[in-house]
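Asker: Chains as they are written, first to last, in this note's numbering: chain A, 1 to 284; chain B, 285 to 568; chain C, 569 to 852; chain D, 853 to 1136.
Think of the hints as simulated: they come from the structure by calculation, not from any bench. Predicted model, so just to flag it, every value in this text is computed and none were measured. Keep in mind that the hints are not guaranteed to be accurate.
[As the list claims (entries may be wrong)] Here are the simulated PhoX-like pairs of lysine-lysine, each with C-alpha atoms no more than 25 Å apart in a straight line:
hint: 1; chain 1: A; residue 1: 151; chain 2: A; residue 2: 187
hint: 2; chain 1: B; residue 1: 350; chain 2: C; residue 2: 755
hint: 3; chain 1: D; residue 1: 1001; chain 2: B; residue 2: 393
hint: 4; chain 1: A; residue 1: 250; chain 2: C; residue 2: 677
Number of protein chains: 4
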Amino acid sequence: MNEIGRILISCQDRPGIVAAVSKFLYEQGANIVHSDQHTSDPTGGTFFMRVEFQLSDITDKEEKLKSLFTPLGDHFGMAWNLSLASRKKRIAIFVSKAEHALRELLWRKHSGDLSADIAMIVSNHPDLENLAAREEIPFHLISVDKNDKQKAEERQIALMSGKVDLVVLARYMQIVTPYFIKHYPNKVINIHHSFLPAFVGANPYLQAYERGVKLIGATAHYATEDLDAGPIIDQGVERVDHRQGLDALKRIGQYIERMVLARAVIWHVEDRILVYGNKTIVFN
Amino acid sequence: MNEIGRILISCQDRPGIVAAVSKFLYEQGANIVHSDQHTSDPTGGTFFMRVEFQLSDITDKEEKLKSLFTPLGDHFGMAWNLSLASRKKRIAIFVSKAEHALRELLWRKHSGDLSADIAMIVSNHPDLENLAAREEIPFHLISVDKNDKQKAEERQIALMSGKVDLVVLARYMQIVTPYFIKHYPNKVINIHHSFLPAFVGANPYLQAYERGVKLIGATAHYATEDLDAGPIIDQGVERVDHRQGLDALKRIGQYIERMVLARAVIWHVEDRILVYGNKTIVFN
Amino acid sequence: MNEIGRILISCQDRPGIVAAVSKFLYEQGANIVHSDQHTSDPTGGTFFMRVEFQLSDITDKEEKLKSLFTPLGDHFGMAWNLSLASRKKRIAIFVSKAEHALRELLWRKHSGDLSADIAMIVSNHPDLENLAAREEIPFHLISVDKNDKQKAEERQIALMSGKVDLVVLARYMQIVTPYFIKHYPNKVINIHHSFLPAFVGANPYLQAYERGVKLIGATAHYATEDLDAGPIIDQGVERVDHRQGLDALKRIGQYIERMVLARAVIWHVEDRILVYGNKTIVFN
Amino acid sequence: MNEIGRILISCQDRPGIVAAVSKFLYEQGANIVHSDQHTSDPTGGTFFMRVEFQLSDITDKEEKLKSLFTPLGDHFGMAWNLSLASRKKRIAIFVSKAEHALRELLWRKHSGDLSADIAMIVSNHPDLENLAAREEIPFHLISVDKNDKQKAEERQIALMSGKVDLVVLARYMQIVTPYFIKHYPNKVINIHHSFLPAFVGANPYLQAYERGVKLIGATAHYATEDLDAGPIIDQGVERVDHRQGLDALKRIGQYIERMVLARAVIWHVEDRILVYGNKTIVFN
Chain A
1 MNEIGRILIS
11 CQDRPGIVAA
21 VSKFLYEQGA
31 NIVHSDQHTS
41 DPTGGTFFMR
51 VEFQLSDITD
61 KEEKLKSLFT
71 PLGDHFGMAW
81 NLSLASRKKR
91 IAIFVSKAEH
101 ALRELLWRKH
111 SGDLSADIAM
121 IVSNHPDLEN
131 LAAREEIPFH
141 LISVDKNDKQ
151 KAEERQIALM
161 SGKVDLVVLA
171 RYMQIVTPYF
181 IKHYPNKVIN
191 IHHSFLPAFV
201 GANPYLQAYE
211 RGVKLIGATA
221 HYATEDLDAG
231 PIIDQGVERV
241 DHRQGLDALK
251 RIGQYIERMV
261 LARAVIWHVE
271 DRILVYGNKT
281 IVFN
Chain B
285 MNEIGRILIS
295 CQDRPGIVAA
305 VSKFLYEQGA
315 NIVHSDQHTS
325 DPTGGTFFMR
335 VEFQLSDITD
345 KEEKLKSLFT
355 PLGDHFGMAW
365 NLSLASRKKR
375 IAIFVSKAEH
385 ALRELLWRKH
395 SGDLSADIAM
405 IVSNHPDLEN
415 LAAREEIPFH
425 LISVDKNDKQ
435 KAEERQIALM
445 SGKVDLVVLA
455 RYMQIVTPYF
465 IKHYPNKVIN
475 IHHSFLPAFV
485 GANPYLQAYE
495 RGVKLIGATA
505 HYATEDLDAG
515 PIIDQGVERV
525 DHRQGLDALK
535 RIGQYIERMV
545 LARAVIWHVE
555 DRILVYGNKT
565 IVFN
Chain C
569 MNEIGRILIS
579 CQDRPGIVAA
589 VSKFLYEQGA
599 NIVHSDQHTS
609 DPTGGTFFMR
619 VEFQLSDITD
629 KEEKLKSLFT
639 PLGDHFGMAW
649 NLSLASRKKR
659 IAIFVSKAEH
669 ALRELLWRKH
679 SGDLSADIAM
689 IVSNHPDLEN
699 LAAREEIPFH
709 LISVDKNDKQ
719 KAEERQIALM
729 SGKVDLVVLA
739 RYMQIVTPYF
749 IKHYPNKVIN
759 IHHSFLPAFV
769 GANPYLQAYE
779 RGVKLIGATA
789 HYATEDLDAG
799 PIIDQGVERV
809 DHRQGLDALK
819 RIGQYIERMV
829 LARAVIWHVE
839 DRILVYGNKT
849 IVFN
Chain D
853 MNEIGRILIS
863 CQDRPGIVAA
873 VSKFLYEQGA
883 NIVHSDQHTS
893 DPTGGTFFMR
903 VEFQLSDITD
913 KEEKLKSLFT
923 PLGDHFGMAW
933 NLSLASRKKR
943 IAIFVSKAEH
953 ALRELLWRKH
963 SGDLSADIAM
973 IVSNHPDLEN
983 LAAREEIPFH
993 LISVDKNDKQ
1003 KAEERQIALM
1013 SGKVDLVVLA
1023 RYMQIVTPYF
1033 IKHYPNKVIN
1043 IHHSFLPAFV
1053 GANPYLQAYE
1063 RGVKLIGATA
1073 HYATEDLDAG
1083 PIIDQGVERV
1093 DHRQGLDALK
1103 RIGQYIERMV
1113 LARAVIWHVE
1123 DRILVYGNKT
1133 IVFN
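Okay, chain A solo, but in the shape it has when bound:
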């Protein structure tokens, strides 16, 4: 892992991109381990690429690699990002009272599935402070005044400044404002329940129960200004039937949220996700 690098690329599609990128890596002495590409449309579409490569002493070579790659990126008009697997992303997990999403992330960290640092846990309620303490993760209680959300958000942003690469809203239950999002564009992951059909308004589980849905699900997505309408990263569902009461639906919903959120966070920290318009390309 100490020698693994990843490049994420998007640009206007045209012939020669793959050839140029792979030639570049070859000339640097790198060996391509995985390479995925996608074109939104073979004629005049957008081109996406993720390359994972192995290169000895990559940490020493990082700056040089980036400066050498820059003219190539400029030539094709690429948006690109080069990262090192050994440089773990730092996550702030935002929670409220429910612990299931947080617990799953901590578990994945322990098991080795989630190769990232949990820099801090931020909450508007003290309920999960003990859990944070047991894991020796800094816990910040910042209550939110619903008439002045930005005040709390300013504190949060100050707290995270320079220490956080990704914000995970792990059942935070607060709408974050465009002010907040602007500081972490495509770097705030949210999880919410999903039903077929969708139920708008308060108490969606009750509505789903009363409609007798046969599937319940969860969606992980990047938060955007229009909070729940951002690019979808992953989704999951489970079958239910009339025997599941309202409580059972909620409990099953929590298990889906755990799984879907964990996958989305892991894919993000492994640089597997490219955002394009309002959708994601996930090279998993």
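Starting from the known structure of chain A, arrange chains B, C and D on it as the hints suggest.
Answerer: Showing chains B, C and D alone in chain A's frame:
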């Protein structure tokens, strides 16, 4: 199958219902093969029951059974229905141009999964006439004037009068009016695509594609006056990703529609579905 | 929950069983909340029933209920069991070094999904002692001499005597002998990986990897003398592909094991499982 | 589609392969539409690649492309194959009495999912001759003497000579011999039921039923000399429970077989499958 009967019951829950029904069947010489029950709430809820039983010479005894059961049903204030497995339900399948849903139903009929009679195929387009002819099923072309839907519906209802127990909208692509539904309450099954989240308005597959959904699905439900908001019978989903273009999404959607609609129709003809408020109890 | 009782019944099928049981409960003042039945064969098969009922002051009435039900059970030749939801089953969890299965069970206990007491954790390795301590659950280290397994099993059985209703082998990694099983017939739940096709012999994940399986799974079952051939309680699978290396397969396998084992244990403690020959009837 | 080409490559991994292939295509004026790669091991493993590209007038250029690519392939020691999407593969479907697998393939052909020609249907029973006739596909009845299989196989191979690119055993129910396989290496796709655990010997559905399995499935694979042990292409499963009798299990099994076989055949004709040892890399 010639000796199989089924009773569907719903009523206010109270002690003694199961005892009374099972004692009744025992006294008639019937043997219970399957019995399913459900209570919407243990205290003061609604009680639902489906009993499948075996009884020699049930065809001869049908009328007597019904008249003997009537006082029991009255005593508990039951809505109940007794049916014989050997008396196959008669289905009218409404189609438009797409053949996948119709084909699957015909297939299930051939394979023995769907124990029903296909009484007729009704369409507003001639495209599937040959398929109907090959299967020797009457095909009725009734074009629909969008400014006077009721005219077409009157012809449809006249055509089906006395010959049809269930209407299946197998991608009929026309909204049926409350006038039509009133003639077949909880006897019109519709299938439509379903997405997480739901997309309102025209061209939902395009919207789903542009949002980059990771799951696409289909919902089978009873059509009610508010067409797509009726009681859900079954739902299905499949995972998709960025590699599936718009055409692929539509094709995968068709396969889910086939499976989900077929299950819903089979459950209906086997008397497995009870409608309660805006939801279904499916004893499958 | 303090007023909920459950009866599990199996006997030779014949008319009148449901009538007799439901009449009995009605006469005792009980209200049936759920009732499930199954007949292995409508003609001369075995009959299975689970009834969940509500009865005021059931704790005081338990002994009387049992003695009143006895003649009815004798009349039909029933194997039957009456239990109270408020009397939680006591579980001994057997572990080795892997923590995932244990952690999931503890989590389900916390979340309220698993309504049981964890009486003790038994292990042949000290690795999970701290986890047990943090949860304040007695931890017993009993090393196993592979040349004299019975010695360890005698200690285990003595330790559990009168304190344990269910043994869960949560990746215990030791084969328990018929001597052990005899003390807990249909009361030892095991979890193991499952592949399509099955791989016999050492290192099944490596074999599965080398065969390029596209699905990996897990099976929870009651341990019998022929350890892995006992009645199956539940199974789960996940799709995999060539991108998952051997480590990833093992990790995905662990998540399936967690989910499947948790479901099986919950169903057992809620008296939802009847064993019949080498199979289970699960009324979930 | 008339301008789409595909290259499948496998060789010893080493730096520079992607660069060389993409440079080659760029120099020929081709635009890469999809490109997938995989390395069995970053250090000294085997490298696999599938490139789909667009090239004007590719049909005219095919031979030239191949001869120009040959030195590049030789340089890296590649096994490679270049094919044109417009040149449809010709399939022989082998059947016996069951029609479900054949019907699904015909359906996929009609719907446009399966872009291939069905060159012939071969059977040892006359049952499906009418179905073939209705589709206007040549039907060859070749009975198999179980004491001299090779005699039938010689006729089959003579019949297919020069006319068939892929053999699909669509519930053919006959074991084909190594003699047959040798003529179509990695070009014979078989479908068979799969259970967790696997059941060896006669009547596997009965064994699965008696063990009370909770999942049944199907596996599509390339037939090899050891028939059912060849490289797995795809697998599927469905949940079942005690309510499904033996007949229902078989019927559900058929639906899984339909879906899994159709996917496997589609992937093959779209050149998405690379065989490596006893496993497949599927770039789907």
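Asker: Against each hint, give a clear statement of whether it holds in the structure.
Answerer: Structure-based check of each hint:
1. Straight-line distance between C-alpha atoms of residue 151/A and residue 187/A comes to about 21 Å, which keeps the hinted pair within the 25 Å bound.
2. Taking the CA atoms of residue 350/B and residue 755/C, the gap is near 46 Å; set against the 25 Å cutoff, the hint is violated.
3. At most 25 Å may separate the alpha-carbon atoms for a hinted pair to count; residue 1001/D and residue 393/B exceed this at roughly 36 Å.
4. At roughly 16 Å between alpha-carbon atoms, residue 250/A and residue 677/C fall within 25 Å of each other, so this suggested pair holds.
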